[in-house]
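> Spelled out from the first residue to the last, the chains are:
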Amino acid sequence: MKQRTKSKELWIFIILVVLSVLISARSNVFLRPDNLIDLLKNNAVLGIMALGMTLVIITGGIDLSVGAAVAVLTVLIGKFMVTFGGNLLLTFLVAVAGGVIIGIINGTLIARANIPAIVVTLGSMSIINGLMLYYTNGSWINDLPAWFIDFGKITLFKFHDAGGNVVGIPIQIIIFLIMALLTWALLKYTLMGRAVYAVGGNPVSAKRVGINIERTLIFVYAYMGFLAGVAAVTHTSIMRQVDPNAFLGFELQVVAAVVVGGASLAGGNGSIIGTVLGVLFMAVLNNGLILTHIPTFWQKIIVGLIIILAVSFDVIQRKRMEKSLPRVDVEY
Amino acid sequence: MSQMPFLQMRNINKTFPGVRALDAVRLEILPGEVHALVGENGAGKSTLIKILAGVEQPDPGAEILIDGKPANIRQPIDANQQGIAVIYQDFSLFPNLTVAENISFGKEIGLGKRFVNWFEIKETATNALAELGVELDLNLQLERLPVAKQQLVAIARALAFNARFIIMDEPTSSLSRGEVESLFKIIGTLKEKGIAILFVSHRLQELFTIAERFTVLRDGKYIGTYLKDELNEEKLISLMVGRRIEFIKQSRSKTGPVLLEVKSLTKKGNFKDISFTLHKGEILGLTGLVGAGRTEVVQALFGLNVPDSGEIYLDGVKVNIRSPEEAMGLGIGYIPEGRQREGLVLRQSVAQNISLALLKKIRGKFGLLNAGKEKELVEEYMEALDVRPRLPNMLAMQLSGGNQQKVVLAKWLATRPKILIIDEPTNGIDVGAKAEIHKLLRQLASQGMGILMISSELPEILAVSDRVLVMRRGRLVGEFAIEEATQEKIMNRAFMGMPGRVTA
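Taken in order, these protein sequences are the chains called A and B. Residue numbers are given in the numbering used here: position 42 of the first sequence equals residue 39, and the series is strictly consecutive. Residue numbers are given in the numbering used here: position 398 of the second sequence equals residue 895, and the series is strictly consecutive.
No lab work stands behind these hints, which were simulated from the structure alone. Computed from a predicted model, the values in this text were never measured in an experiment. Here a beta-carbon is modelled for each residue, glycine too, at the ideal position from N, C-alpha and C. Heads up, a few of these hints could be off.
FRET-style restraints, in silico, Cβ to Cβ [as the list claims (entries may be wrong)]:
#, chain 1, residue 1, chain 2, residue 2, range
1, B, K765, A, P292, 48 to 54 Å
2, A, T105, B, Q895, 50 to 56 Å
3, B, T686, A, T105, 55 to 61 Å
4, A, G165, B, Q572, 49 to 55 Å
Construct all of the structure, not just a fragment, from the sequences and the given hints.
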């Protein structure tokens, strides 16, 4: 399946290149470094979340509570910073700890109580949203400390673009890249990462070979929560304020990016490279539509079509394979 | 036998709710021997394997010794650490991982590692394959390998964690003859290393080629362990079949003209060259081992499994059956195995279940249901089939297995089929209810219905059928009139095929 996944990744890469060529033919802004950097910065949060969702989807699960989780975590760190001041490390710790707790609760219900992931996370999404509304009344949090605002403005690797302007890579993109690298290494170089693939590929075999399925699933949802925490800090550092409603419906974009990136909702395959490409695709599509003055609702329609196409391609291929398998060992 | 056995199992019992799957079973495995485990469908072989693999726990009182020392196998990883490896029929591999990972995974987990060392993974895999004398591309995705090669990966995985005892469950069932020969060579290699093999197979000829000792199970009981020289195929079959309680022979009615004729029905990977007739008023028993292709054939008659070639005649007229709707339109009814899953809406009442099939008949004005008519018809069928208790409003899930099966029958009878196909009609039903279902089937036949009954239970086949067809590996290998049919004759065909035919 790696070969198949790789060819899927190649396809999404080709589509991405074609899309970029089309957009740059109609807009001379698109390929400008500042536009590309902005595009990446604005999608760093989507990207960070999609990394976690990749693991969840590889195990054959789904996490619909991520939008609500990241929203409540932004509120949490917003209140934390406004109330206690704190520092960057503590803020990260609070966000990440909150996310991991949400993830452990989701994962435990899914793995131990054997409730379908879609049910558990739909429920926790609703609960989190309700609690958050009760707590914030929908009001925004402003007046974040100056040190945090400064953190959000950090840029690294500065260079001069063609026009002589100084451009740098924002910290948010760096965070996304570090998380992508970390998640990639986790999947490739830890036994937990391989167990994620094994559980998604064949849970019965995974159990027979001695993998602790419960622990693997709980880890995966907890890791998703960890990344939701990182995403909450990243998002707040871009926005410099907290809007409790900023993430309504965001979970679907996250799932979409992962699926467009070639992961199968049936579990067993998916890759970090594919997901990064999927996120880039969503980002470029959105940016391109804005630059070419096409209404952005087209983004939703196009992404929807691509998901359905990608998934049906998967299902049809699987069915065809099953049909061609002999059911009886006929003697000839 | 002065050699210390690798494994001794004594007094292995396993009870599932209502079923005694294993009853004081024992097994002894010597280092480097090839041991055959044989028995009919449901004799308890799979349960015994699961206990060895740590998937199931035996009832208290069981004794398991490895190298003469008491062993505890609580979970699969324990079995692996004790040197026991199971190669399941489906191999239990990971289709989405590489060959190298599939081979090394068990070992890595057994060692409790946290990080993956890809160099080590490849080294482990290379060594295991070298021990087998096999070459495979380590980086290839497993699902891209043919079945026989996947099996080698499973064997290599067992070697990778130093297994001393490998259980192979139906290892040859999906292999060609050439592949079976190379598997036997591999088994020879394993033997030389002192690794014991438990070979579970329905193919007796293969067993006599490869195995040195045989342990026979029947109905969950230990029958005995025999040296190869003490046995031949006939004797082995009679040990497996034994003598069992027979059901009351149902009185037969006279059968009428040919209702259904099937000519050389063939579907690749399902069945080949199937020809038979079914008469009006006849019960035709179709038996054979599980996986012989029985269900695939009857599904072809019901439009669920369209054949590649061959002809079906109904009342002498050639018909093409491409969907269950067409089959039902032609007057064919099909009650699949597993009545709860496919035949009943368990959370609805008995009346609702029966009237589901009657909807056309009880539809009144404006498409509304005629409640009075519904009640009348439901009561009529409940009485005719003697569904007990006679409470139409009871939920289907509250009925006993036998009465559930009657409700399923009622549903189908309401459509007045000319031909009824029924798969394992009394599976999981107690003995008394079995006899009632048998009687009902005979009654239906005497009213002129043609019944094609699949059953793995030979006493049932003998008690109910007028004629018996036997399938083996996708082919019809025997037809017996009821007067000449015996359990031994049927099992001989089911296990060994037609006399005089060369079989793999």
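> All the hints need checking, so say for each whether the structure fits it.
Hint by hint, here is what the structure shows:
At about 52 Å, the CB distance of B:K765 to A:P292 agrees with the hint of 48 to 54 Å. For A:T105 and B:Q895, the hinted distance range of 50 to 56 Å is not satisfied, since their beta carbons lie about 35 Å from each other. Checked against the hint of 55 to 61 Å, the pair B:T686 and A:T105 fails, with Cβ atoms roughly 46 Å apart. Between A:G165 and B:Q572 the Cβ separation comes to about 54 Å, which falls inside the hinted range of 49 to 55 Å.
Hints 2, 3 from the list above are not met by this structure, while the remaining hints are.
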